[in-house]
Amino acid sequence: MLHYPAAPAAPADEGDIAAADTPPLLTRYLARIGYAGPLAPTREVLAALQAAHIAAIPFEAIDVLTGAGIDIDAAGVDAKLIGQRRGGYCFEQNSLFLRVLRAIGFEAEGLLGRVRWMLPDDAPVTPRTHMVVLVTLDGRPWLADVGFGAAVPPAPLAMDSEEPQPTSHESYRVIRHGRDWEVAVQIDDRWRALYRIDDGPAHPIDYEVGNWYTSAHPDSHFRHQLIAARTTAEARYGLRDNRLTTRLADGRTDRRYLTADEIERTLAEIFLLPVRPHWRAAIERAATAEVAA
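Per my numbering, the sequence shown starts with residue -9, numbered consecutively.
Because the hints were derived from the structure by calculation, they are not lab data. The structure displayed is predicted, hence computed values, not measured ones. Treat the hints with care, as some may be off.
To be verified - Label pairs and their in silico Cβ distance ranges:
(1) Gly57 x Asp170: 31 to 37 Å
(2) Glu97 x Thr236: 22 to 28 Å
(3) Thr278 x Pro28: 46 to 52 Å
(4) Arg130 x Arg213: 36 to 42 Å
(5) Leu127 x Asp170: 30 to 36 Å
(6) Ala113 x Ala26: 39 to 45 Å
(7) Glu34 x Glu274: 32 to 38 Å
(8) Leu16 x Ile165: 32 to 38 Å
(9) Ala206 x Ala65: 17 to 23 Å
(10) Arg182 x Tyr247: 41 to 47 Å
(11) Pro208 x Glu97: 36 to 42 Å
(12) Thr278 x Pro156: 35 to 41 Å
(13) Thr278 x His207: 33 to 39 Å
(14) Gly190 x Glu274: 27 to 33 Å
For each residue, glycine too, the CB sits at the ideal point set by N, CA and C.
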């Protein structure tokens, strides 16, 4: 079960953390994402950490396909995403990011949302299976999300503004709907909903239930598709079974279909994953899949 420590007070020296005082988790995490910049609880640092995280730690759910399961306990997440240099999905990625932000001194909490990505507007209500992080800076709420695959926001989003918010890739907007926020991305001049975030606290058991549904329920697409994603300043990379999509920051898009050997190389070279021999069966199934447009 998830156990989040209470948010610490902001460190001394205007929020910078001296190397000698850096918690072990933070030291290992910063090395993992290749970040050596300031560590003050500011919007600029939040944005830099978010960008570095999504470029270094890929989105993936291969353990669901192989039957290994997803452990969202803090020790399990750290061992996988940091120690083994693996990726993960939202409950792993954003729980790690939340603990890191709190260690730095950010006022942050986890929230849960309902995924609406690629669904028609009249689709039934979905379960609460997406975790995000709410960061409050000088009284203003910001959404930080490092765990939403190929459409992950590459920068923090202001939650108190409904205006379009440009990023290094697409523009996003956050619309208030009663007690919920809807987060949407603009693709090909069309706004597409990503998820709706509940305006209410999420408890450890809520994450456990959401993680169970996402990793074990027969209807979870992670049980049926090989999915990986990574976003850098230059491009977004998305793998769905045997189809690799590359979207450059200037809008150009490339799609191609891969063989099993090409999928394996792509997981290692583009998604930076330490490919394991027992993944091969899932990779070979993905190579024969028919991916919908």
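Hints the structure fails to honour = 2, 5, 7, 10, 13 and 14
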